[in-house]
Amino acid sequence: MSVYSAEIRLETQGNDDIHDISEAVSERVEESGIKNGIVNVCVIGSTASVTTIENESGLRGDIKELLEELIPSSKDWRHNSTWDEGNGHAHLRASLIGPSLTIPFIDSKMTLGTWQQIVFIDSDVKPRSRRLIVQVIGE
Amino acid sequence: MSVYSAEIRLETQGNDDIHDISEAVSERVEESGIKNGIVNVCVIGSTASVTTIENESGLRGDIKELLEELIPSSKDWRHNSTWDEGNGHAHLRASLIGPSLTIPFIDSKMTLGTWQQIVFIDSDVKPRSRRLIVQVIGE
Amino acid sequence: MSVYSAEIRLETQGNDDIHDISEAVSERVEESGIKNGIVNVCVIGSTASVTTIENESGLRGDIKELLEELIPSSKDWRHNSTWDEGNGHAHLRASLIGPSLTIPFIDSKMTLGTWQQIVFIDSDVKPRSRRLIVQVIGE
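Protein chains in written order, with the working numbering: chain D, 1 to 139; chain F, 1 to 139; chain Z, 1 to 139.
So here's chain D without its partners, still in its complex pose (with noise of 0.2 Å):
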């Protein structure tokens, strides 16, 4: 058994910018050398998200729409009281979807559908610099 620390490095646009690391994370597991077990994903930063869905332009769009309307920027949240960011909805948005996301591999390969892919959301309010911390567990 062993661990493998790694890194994805992104440039960003905000506003729910919508980014495939799938590659980056098969990358990853696959020059860990471990063969079976876990791969653990995790933005720093608590205005950007990760989970899986089918990448493809329109339901990006619907991911978009969705948090417009369920939790909507132009609504004057607490949190841009405190900072001057104007970037409360990406917050909220980024706790409700989760920042960490944890997926099997088995002879390194992860076990994810067809049309699944593990992506990134950044929810910002402008482009930022990101680093994933991608951990490897297994034997």
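Some hints could be false.
One copy or two, either will do: identical chains are not told apart, so a pair holds if it fits within one copy or between any two.
Once the Cα atoms are required to be at most 20 Å apart in a straight line, the calculated SDA-like pairs of lysine to any residue come out as [what the hints assert, rightly or not]:
1. K35 x M110
2. K109 x G58
3. K75 x R60
4. K35 x T111
5. K109 x S2
6. K109 x S5
7. K109 x R131
8. K126 x G61
9. K35 x M1
10. K64 x T82
11. K64 x K75
12. K75 x E65
13. K64 x Q13
14. K75 x I44
15. K109 x S73
16. K75 x S57
17. K109 x N15
18. K75 x E56
19. K126 x T114
20. K126 x N15
21. K109 x R130
22. K126 x L10
23. K64 x D20
24. K109 x I44
25. K126 x T82
26. K126 x W115
27. K35 x S5
28. K109 x E7
Because the hints were derived from the structure by calculation, they are not lab data.
Based on the hints, put chains F and Z in the right spot on chain D.
Using the frame of chain D, we list chains F and Z on its own:
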């Protein structure tokens, strides 16, 4: 330390069909022979999810009603123009709840509450044969 | 590789009472003596959840308001007819956010952002004594 990989197979009805998989996960933990660790349960596919609920019929009805209110099945989601399956809402529901759940276990027993069951929610619009991967890690 | 099991105990007030447990989780990771790995934090019970937020009072207020809007406490949820506790909304809130969170750590330090805290949200309708299991795995 070791890793034990197993599966759960389910025949589901779709439309937020909720299955209690606590017993199945518990069996996989026991047959692994691993005493202390974590178990990760992850669905293959992007229209179903895993979480915990108190598994009683009232609450199962409440979850279906809530998901229909927050993410209506009748709405003209963009995804429904990409593919002709009419399951855009199912993708969104699954991404929001999440495809993967990790639970600790001690002395081969998961540390869940008496009224806390692991459930698989199939949000797709038709019956499906589902596979979940159960990855047990520990010592 | 080894596994270290610990607990966090909390006295909570309910109604989306939010507790910052970052320090408590961090202490469990340090006392484990494990240098690199993942830590899983999981609540026992189905009316509370774990996620990350920037833990400041404005945002804590925003989360409470958002949960009340999306999943109203006043609604006549079916679960409230099953049991006479009036906490159907608490179950739904907890299932949506999720009971379990996994965070990587490197050199005994969790890889979280400066403004990213691990929080426990108790959505139940009365004060409770809560137990969370903290499972540390790594080498």
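Practice problem: Starting from the hint list further up, note which numbers the structure goes against and sort them upward. | Solution: Numbers 2, 14, 15, 17 - these are the hints that the structure violates, sorted from lowest upward.
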